[in-house]
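Visitor: Residues per chain are reported as follows:
2 protein chains.
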Amino acid sequence: MIKGHRTWEFENKPVILSTGTVVGPFEGEGRIPKDFDVIHGDLWLGQDSYEQAQTVLFEESCQKAIEKAGLNKEDIQFILAGDLINQITSSSFACRTLEIPYMGLFGACSTSMEGLAMGAFIVNGKGAKYLLTGTVSHNAAVEKQFRYPTEYGGQKPPTAQWTVTGAGTAILTDEGEGPYVTSATIGRVVDMGLSDPFNMGGAMAPAAVDTIEAHLRDRGIDSSYYDLIVTGDLGQIGHQVAIDLLNKHGMSLTDQKFQDCGLMIYREDQPVLAGASGCGCSATVVYGHLLNRMKKGEFKKMLVVATGALLSPLTFQQKETIPCIAHAVSIEYEEGK
Amino acid sequence: MIKGHRTWEFENKPVILSTGTVVGPFEGEGRIPKDFDVIHGDLWLGQDSYEQAQTVLFEESCQKAIEKAGLNKEDIQFILAGDLINQITSSSFACRTLEIPYMGLFGACSTSMEGLAMGAFIVNGKGAKYLLTGTVSHNAAVEKQFRYPTEYGGQKPPTAQWTVTGAGTAILTDEGEGPYVTSATIGRVVDMGLSDPFNMGGAMAPAAVDTIEAHLRDRGIDSSYYDLIVTGDLGQIGHQVAIDLLNKHGMSLTDQKFQDCGLMIYREDQPVLAGASGCGCSATVVYGHLLNRMKKGEFKKMLVVATGALLSPLTFQQKETIPCIAHAVSIEYEEGK
Numbered sequence: 000m001i002k003g004h005r006t007w008e009f010e011n012k013p014v015i016l017s018t019g020t021v022v023g024p025f026e027g028e029g030r031i032p033k034d035f036d037v038i039h040g041d042l043w044l045g046q047d048s049y050e051q052a053q054t055v056l057f058e059e060s061c062q063k064a065i066e067k068a069g070l071n072k073e074d075i076q077f078i079l080a081g082d083l084i085n086q087i088t089s090s091s092f093a094c095r096t097l098e099i100p101y102m103g104l105f106g107a108c109s110t111s112m113e114g115l116a117m118g119a120f121i122v123n124g125k126g127a128k129y130l131l132t133g134t135v136s137h138n139a140a141v142e143k144q145f146r147y148p149t150e151y152g153g154q155k156p157p158t159a160q161w162t163v164t165g166a167g168t169a170i171l172t173d174e175g176e177g178p179y180v181t182s183a184t185i186g187r188v189v190d191m192g193l194s195d196p197f198n199m200g201g202a203m204a205p206a207a208v209d210t211i212e213a214h215l216r217d218r219g220i221d222s223s224y225y226d227l228i229v230t231g232d233l234g235q236i237g238h239q240v241a242i243d244l245l246n247k248h249g250m251s252l253t254d255q256k257f258q259d260c261g262l263m264i265y266r267e268d269q270p271v272l273a274g275a276s277g278c279g280c281s282a283t284v285v286y287g288h289l290l291n292r293m294k295k296g297e298f299k300k301m302l303v304v305a306t307g308a309l310l311s312p313l314t315f316q317q318k319e320t321i322p323c324i325a326h327a328v329s330i331e332y333e334e335g336k
Numbered sequence: 000m001i002k003g004h005r006t007w008e009f010e011n012k013p014v015i016l017s018t019g020t021v022v023g024p025f026e027g028e029g030r031i032p033k034d035f036d037v038i039h040g041d042l043w044l045g046q047d048s049y050e051q052a053q054t055v056l057f058e059e060s061c062q063k064a065i066e067k068a069g070l071n072k073e074d075i076q077f078i079l080a081g082d083l084i085n086q087i088t089s090s091s092f093a094c095r096t097l098e099i100p101y102m103g104l105f106g107a108c109s110t111s112m113e114g115l116a117m118g119a120f121i122v123n124g125k126g127a128k129y130l131l132t133g134t135v136s137h138n139a140a141v142e143k144q145f146r147y148p149t150e151y152g153g154q155k156p157p158t159a160q161w162t163v164t165g166a167g168t169a170i171l172t173d174e175g176e177g178p179y180v181t182s183a184t185i186g187r188v189v190d191m192g193l194s195d196p197f198n199m200g201g202a203m204a205p206a207a208v209d210t211i212e213a214h215l216r217d218r219g220i221d222s223s224y225y226d227l228i229v230t231g232d233l234g235q236i237g238h239q240v241a242i243d244l245l246n247k248h249g250m251s252l253t254d255q256k257f258q259d260c261g262l263m264i265y266r267e268d269q270p271v272l273a274g275a276s277g278c279g280c281s282a283t284v285v286y287g288h289l290l291n292r293m294k295k296g297e298f299k300k301m302l303v304v305a306t307g308a309l310l311s312p313l314t315f316q317q318k319e320t321i322p323c324i325a326h327a328v329s330i331e332y333e334e335g336k
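Chains as they are written, first to last, in numbering that gives the first Met the number 0: chain A, 0 to 336; chain B, 0 to 336.
Fair warning: there could be bad hints in the mix.
Note that the list lumps identical chains together, so a pair holds whenever it fits in one copy or between two copies.
Cross-link-like lysine-lysine pairs, in silico, BS3-like; alpha carbons within 30 angstroms at most [what the hints assert, rightly or not]:
hint, residue 1, residue 2
1, Lys300, Lys125
2, Lys2, Lys67
3, Lys63, Lys128
4, Lys67, Lys12
5, Lys12, Lys2
Worth flagging that the hints you see were computed from the coordinates, not collected in a lab.
Okay, chain A solo, but in the shape it has when bound (with noise of 0.2 angstroms):
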């Protein structure tokens, strides 16, 4: 099962049986509406805080997972979940309300792929015949909490991501026809010394990069091996430092073969600045998008590296740097096989 130091290979290919994207007005407005499966008209989902719609966000992406699965909640043994949000509240609260047991999960804009990689563990080795992981993020709850409220209407600098409102979850299990999830390697924390909160692509590149190369080196592959190699939420600015240091370490890879969610759910004409980011951007362009466009045959082999920045507002005020992690998952699709 474990593949070098830090991957783990799964013999019995994990099947992602299906998915639930729920996302905001201004997601809905983006550059892939379609492949999402319920778009908000009200950025509140007719709940007294934002905090209260995003655990809506979390319930109703999982409602959609089970319901496309033919499944009843019942059936689901365990949900693997987390958020930006204090102490995860978001995601329990939303595991109330299902009663599914639940396991607390914690990597900032890296959850997406920490739930995936350890739901794929546990159905691979029988720990679960229906397992469900996925995260969640509000604009306008993260932004209150980690920057202002964004009725204060702040400035900011052009290195600076707009926090995705939407959810996205994922039900595995151990048979079926596929997409499957064929390996994950798990990222160790990487600061490279950058303290600015408006540039979190930037500082999240280097952990993204570390974490491509320990999976290659430890599977024994080269990038050839994949048809596309996704980051999570690095954006313009951290899309194109990481394209630097790959090619500084040697490894070059093409504008279609390396690519960033950050930058695939908004139009170029809304203002997001440098992009995407939050729980929320990679658990919807994964669940929704990519997956949809490997069912389609546009490609087969697919790295998903989602990237996280573990900083708090706390440890920015006491002049912390910001340490920064990557998940990554593969996930495989060919029909028929």
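Position chain B against the provided structure of chain A, taking the given hints into account.
Guide: Positioned in the frame of chain A, the structure of chain B alone reads:
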């Protein structure tokens, strides 16, 4: 591997190879000081903030466990850890120093057993040769975040509990003489409608009972199987509520069999109101005191049921009730077997 609906039985018997426990001065004056590896006389640990002190507590407990196992940090493949501080920065910052691949968890005070359950699953499934799991809390850092800075000297009701300053970690591996991790039951979120953040024990007790019952049902055993069933940090109030609930459900346990870590760490004349709490409570008591007693032959089979209150200061302000969870892990040890 899966047994019943939400329990794992570990047929390869993952071993707790070593543990590290590091505590503050108040815990050093308590009931079980000889069971801790390091007792700090300075609540600040020489740091500039309580949060940094919490990070150092966790780093030291990891280093102590690694040293006692006769390993180097490069031998440890994964750390599974989390804490109560927003965005679990104490755990993440410690993992920056340790440079070991890291999966962040959040289960509030249930994190100790969430990590041990997942860690044992990974080692049992050949996902790691050596894996470290643990958690930490610091009284002044946690009180500041959840209630008031301790310097204010605010009064508390008698139902309140005292957050432990301490870190407890364990290294798991796939062979050795034990103690063995034999099974784990994952909790679901239980919320009985209580909303008083000064009575966490009472709020958490139903979650503990739910998990104990699920564990026994899933494994097809009754409480006579265990020599000790110990909850994480219910304190006096929660412990009594749990006893009442178990009695009501027809399960009557002796005082010797059913205990609580929150009632073990401090002396009766220490002013801790209803007892101890915090992520570090069950982690230091189990990985220090209880494993030592097992190794002395005092008991052979123990079920640890770590409880967590999944609220945040914000959810309390928003008038939410307190969702709770409990994860149970069984540990067995018999000399010469």
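Visitor: Looking back at the numbered hints, which does the structure fail to meet, lowest number first?
Guide: Violated hints: none; all satisfied.
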